[in-house]
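Enquirer: Chain residues, written in single-letter form:
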Amino acid sequence: MTFSLNEASRAAIDREVAKYPEGQAISAVMAGLRIAQEQNGWLTPEAIEAVATHLNIPPMAAMEVATFYNMYDVKPVGRWKITVCTNLPCALSGGEQAAEYVKEKLGIGFNETTADGRFTLKEGECMGVCGDAPAIIVNNTRLCSWMSREKIDALLDELK
Amino acid sequence: MLEIEIDGQKLEVPDGSTVMDAANRLGLHIPHFCYHKKLSIAANCRMCLVQVERAPKPLPACATPVTNGMKVQTHSEQAVTAQKGVMEFLLINHPLDCPICDQGGECQLQDLAVGYGASSSRYQEEKRVVMNKNLGPLISTDMTRCIHCTRCVRFGQEIAGVMELGMANRGEHSEIMTFVGHTVDSELSGNMIDLCPVGALTSKPFRYSARTWELSRRKTVSPHDSLGSNLIVQVKHDEVKRVLPLENEDVNECWISDRDRFSYEALNGEERLTKPMIKQNGQWLEVDWQTALEYAASSLRRVTDEHGAGKVGMLAAPYATVEELYLGAQLMRGLGGGSIDTRLRQSDFGLDGKLSGTPWLGMKIADVSKLNAALVVGSFLRKDHPLLAQRLRQAARRGTRVSALGVSGEDWLMTTHARVTVAPSQLAAELAGLVKAAADIRGVAAPAAAASASVSDAARRIAQSLIDDGARAIFLGAVVQQHAQAAGLHALAQELARLTGATLGYLGEGANSVGAAVVGAQTGLNPQQMFAGDLRACVLLHAEPELDAANPAAAVEALKRADTVIVMSPFKTGLDYADCLLPVSPFTETSGTFVSIEGRIQSFHAVVRPKGETRPAWKVLRVLGSMLELGGFRFDSSEQVRDEALSGATGWLPEYKLGNTASDVACATPAAVEGLQRVADFPIYRNDALARRAPALAATRDSAVPSARISTGTAQAAGLATAKRVRVRSAAGACELDLTLDDTVPASCVRVSAGWPQTAPLGALSGTLNVEAV
Ligand code: SF4
Ligand code: FES
Ligand code: FES
Numbered sequence: 756m757t758f759s760l761n762e763a764s765r766a767a768i769d770r771e772v773a774k775y776p777e778g779q780a781i782s783a784v785m786a787g788l789r790i791a792q793e794q795n796g797w798l799t800p801e802a803i804e805a806v807a808t809h810l811n812i813p814p815m816a817a818m819e820v821a822t823f824y825n826m827y828d829v830k831p832v833g834r835w836k837i838t839v840c841t842n843l844p845c846a847l848s849g850g851e852q853a854a855e856y857v858k859e860k861l862g863i864g865f866n867e868t869t870a871d872g873r874f875t876l877k878e879g880e881c882m883g884v885c886g887d888a889p890a891i892i893v894n895n896t897r898l899c900s901w902m903s904r905e906k907i908d909a910l911l912d913e914l915k
Numbered sequence: 068m069l070e071i072e073i074d075g076q077k078l079e080v081p082d083g084s085t086v087m088d089a090a091n092r093l094g095l096h097i098p099h100f101c102y103h104k105k106l107s108i109a110a111n112c113r114m115c116l117v118q119v120e121r122a123p124k125p126l127p128a129c130a131t132p133v134t135n136g137m138k139v140q141t142h143s144e145q146a147v148t149a150q151k152g153v154m155e156f157l158l159i160n161h162p163l164d165c166p167i168c169d170q171g172g173e174c175q176l177q178d179l180a181v182g183y184g185a186s187s188s189r190y191q192e193e194k195r196v197v198m199n200k201n202l203g204p205l206i207s208t209d210m211t212r213c214i215h216c217t218r219c220v221r222f223g224q225e226i227a228g229v230m231e232l233g234m235a236n237r238g239e240h241s242e243i244m245t246f247v248g249h250t251v252d253s254e255l256s257g258n259m260i261d262l263c264p265v266g267a268l269t270s271k272p273f274r275y276s277a278r279t280w281e282l283s284r285r286k287t288v289s290p291h292d293s294l295g296s297n298l299i300v301q302v303k304h305d306e307v308k309r310v311l312p313l314e315n316e317d318v319n320e321c322w323i324s325d326r327d328r329f330s331y332e333a334l335n336g337e338e339r340l341t342k343p344m345i346k347q348n349g350q351w352l353e354v355d356w357q358t359a360l361e362y363a364a365s366s367l368r369r370v371t372d373e374h375g376a377g378k379v380g381m382l383a384a385p386y387a388t389v390e391e392l393y394l395g396a397q398l399m400r401g402l403g404g405g406s407i408d409t410r411l412r413q414s415d416f417g418l419d420g421k422l423s424g425t426p427w428l429g430m431k432i433a434d435v436s437k438l439n440a441a442l443v444v445g446s447f448l449r450k451d452h453p454l455l456a457q458r459l460r461q462a463a464r465r466g467t468r469v470s471a472l473g474v475s476g477e478d479w480l481m482t483t484h485a486r487v488t489v490a491p492s493q494l495a496a497e498l499a500g501l502v503k504a505a506a507d508i509r510g511v512a513a514p515a516a517a518a519s520a521s522v523s524d525a526a527r528r529i530a531q532s533l534i535d536d537g538a539r540a541i542f543l544g545a546v547v548q549q550h551a552q553a554a555g556l557h558a559l560a561q562e563l564a565r566l567t568g569a570t571l572g573y574l575g576e577g578a579n580s581v582g583a584a585v586v587g588a589q590t591g592l593n594p595q596q597m598f599a600g601d602l603r604a605c606v607l608l609h610a611e612p613e614l615d616a617a618n619p620a621a622a623v624e625a626l627k628r629a630d631t632v633i634v635m636s637p638f639k640t641g642l643d644y645a646d647c648l649l650p651v652s653p654f655t656e657t658s659g660t661f662v663s664i665e666g667r668i669q670s671f672h673a674v675v676r677p678k679g680e681t682r683p684a685w686k687v688l689r690v691l692g693s694m695l696e697l698g699g700f701r702f703d704s705s706e707q708v709r710d711e712a713l714s715g716a717t718g719w720l721p722e723y724k725l726g727n728t729a730s731d732v733a734c735a736t737p738a739a740v741e742g743l744q745r746v747a748d749f750p751i752y753r754n755d756a757l758a759r760r761a762p763a764l765a766a767t768r769d770s771a772v773p774s775a776r777i778s779t780g781t782a783q784a785a786g787l788a789t790a791k792r793v794r795v796r797s798a799a800g801a802c803e804l805d806l807t808l809d810d811t812v813p814a815s816c817v818r819v820s821a822g823w824p825q826t827a828p829l830g831a832l833s834g835t836l837n838v839e840a841v
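Chains as they are written, first to last, in the working numbering: chain A, 756 to 915; chain B, 68 to 841.
Among the hints, a few may not be true.
In the DSS-like style, the derived pairs of lysine-lysine whose C-alpha atoms are separated by at most 27 angstroms in a straight line are [as the list claims (entries may be wrong)]:
| no. | chain 1 | residue 1 | chain 2 | residue 2 |
| --- | --- | --- | --- | --- |
| 1 | A | K877 | B | K303 |
| 2 | B | K151 | A | K830 |
| 3 | B | K303 | B | K678 |
| 4 | B | K346 | B | K77 |
| 5 | A | K830 | B | K200 |
| 6 | A | K858 | A | K830 |
| 7 | B | K678 | B | K639 |
| 8 | A | K877 | A | K915 |
| 9 | B | K200 | B | K151 |
In short, the hints are calculated from the structure, not lab data.
This one's a predicted model, so the numbers in the text were calculated from it and none came from an experiment.
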């Protein structure tokens, strides 16, 4: 699978690089990976390498970052990535039950994708909204609070 | 200075020291895994926890800076409880497979587990398993054993200069790996095996071939480059099983190159010559030593009588020992004026007799680390001198301004101050530009040869760095030594050194090239004259002219014409031009001495008995000398030979024997060259007889089949942009190679490596090539 950063992505990465001192392009690796993921849907090895090449850092340095943070997807994901927080504060306030409910509804476990390619379920780390537990984030961008069964039903119905 | 008390002992340490540094100075051992004196501090294993007065929790000794008046206990109850706790965690996921682990017996985890581990595990759950990785032909992995100390990762980033291994994933899922599909290709990669404190990274060629406690450790010196790396050779049943570094901070520090480490495989290989052989009526016969020696002696005698000693020559590899070369020179002299030389790859001998001494580094190797600025001219630095490159890399990290003027833009994996990459014919012009720049900065008139040179910005930058305060040096590499204008380039570099005040030095071609010059093994006709003239008898000592000569095709021609060619080699080689093969010891099977590029004299003993009927070459030469009834061969030991050869010098060559100052040599003028010029390197594992025959090294990327490498621009200009395979022709011959686009090759050049049979027909290392698609 070949991949190359499109013009918009390259420009976006360069904007990030400019935020750091000269010779510190490696500091923009997280933003670079995010931008490549947005372009491609998920981070193929080629996408990771493209970011590394663009920043002139070793591919493995980018790979370390891409595999460390769980908001980067190094495996293909469905159209909607549902990430349920199961860290301690959420877990104490129904996070695990919320995850169980999503599993049951979608018929998949963590890190699995529905057969129709619509949903991927992920187990998330603290999203910084512990007071709103259970917390769910959709496609890394849409944060949903107090995810009761009803709200989960509504959310999944809405995502086509 | 800061005062610290560790386990009741007081000492003062410089500001910035860590508790670990302080403990090391006291000779106290604090258990550790991730800490390594040559690597940055990661503090991720937590094994080094110690108790610090007034600190609420134990602190990692490797990462805790000493503060004034600090009181540390390394073996208090709190410290030991913490250390034991860490050990328990480390062992949770460790497979405990010591009985089948190559690291067993030399494993830091095993050793520390004896002291800090419990006798049984409280952990009853499932252990994790990590898939092994393919890191290439040299390093074998058992990744489940990894304790994530990241020493291997930091080694790549900091010492090798390239991050090939990294830690993917997080927490319990962390794994050491390369980027998808990559292998570990660094020429220093084997050091990761030594650094890995457990059996996660082990030697692939050594795998399962012995237990470490069965091996005896013997000291020796590497024959593979001019540095003189100190080695430990590990031996079992009289066979070399493994090679490790012997720490010598002033030479190889605690590292060795992969060439030093893995070449030993050739010693036990199929190609070893174990019996003398002579060729009769076109048939090779195995004979006993007496017959072979008589044959060799009478051939030499006959040729000398018929044609005169002027038609007799000896060609030795620059890694033959001092003793071998001295006796070889003695033999040639005894015959009444035979020639001997080691500089097979050289083509311009204009410096002969003009230098103030033997060309050498110009300084101690340790002083390279202290340079403020260095200019390396014409060197495939990483591949020719892997550890010197490493030393310069560390220096560059500390601020040394390293510049390069050369014929290849290959990444040196270090920060360079300026880089100029040009075609071989342009080296003179660029050097002249540097001379001019230096003269301009100094405000003096440039010497005539450089007066009209054009000065680039890079040249000014480099010249300025060589003029600025501090120690600075200009090093000439193999490309300069092998250049058709070697003497003229030297003269220019010498001018540059004079104007800038930098020290001029040579990087050196072989483990004993300095020794060879000093013991008179470069007398009479030079190799070029021998091959071009009417050579009637030739003795080859370790040398393989079919690959090593500046013009292999012409060399082989000359050898085929000769009446007798006597090969002294550990390997079956030269079968098509020789008539007598004498199996002589490689460096592991003989005592001997190398004089390194810094003038350091290092003697070593044999580490194993000679294989089969192999004999040390110095003894063979001694017998030949006696058989020919030549004087000066009465030696009882190699030490006696060495003492006579080096006039009793030990330790270091006296400085007056060394010197890089030429007098009366004209500066090179740039040659105008039409067409594509050849850039030739000797790939790292095609450089000497041993490395060439080591299977694991032959499987590395550095040993990839040679191709014609050309930059994209040049390929387009030459209409080769889409060519896959090309026919390369020189004045001497032709060969067919794959074409590779490689933008490190300067414009108007084709890089075709030497040291391969495939490219030998091309003859000269320099000159123009005609490249056509096929
Ligand atoms: S492979 Fe060895 S050196 Fe590398 S992190 Fe694991 S234990 Fe440390
Ligand atoms: S623990 Fe779930 S958002 Fe913080
Ligand atoms: S040695 Fe100090 S934390 Fe590893």
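Enquirer: Determine for every hint whether it applies to the structure shown.
Expert: Status of the hints after comparison with the structure:
At roughly 54 angstroms between alpha-carbon atoms, A:K877 and B:K303 are farther apart than 27 angstroms, so this suggested pair is violated. For the hint linking B:K151 to A:K830, the alpha-carbon distance of about 39 angstroms lies beyond 27 angstroms, and the restraint is violated. Among the hinted pairs, B:K303 with B:K678 is consistent with the structure: their alpha-carbon atoms are about 14 angstroms apart, no more than 27 angstroms. With a C-alpha separation of about 74 angstroms, the suggested pairing of B:K346 with B:K77 is violated against the 27 angstroms cut-off.
Annotation: proposed proximity of A:K830 to B:K200 holds, straight-line Cα distance about 19 angstroms (limit 27 angstroms). Distance hint between A:K858 and A:K830 is fulfilled; the C-alpha atoms sit about 19 angstroms from each other, no more than 27 angstroms. A C-alpha spacing of about 13 angstroms is found between B:K678 and B:K639, which places the hinted pair at or below 27 angstroms, so the restraint holds. Proximity of A:K877 to A:K915 is assessed by CA-CA distance (about 18 angstroms); at most 27 angstroms being required, the pair is judged to hold.
Distance restraint check for B:K200 and B:K151: the Cα-Cα separation of roughly 31 angstroms exceeds the 27 angstroms cut-off, and the hinted pair is therefore not satisfied.
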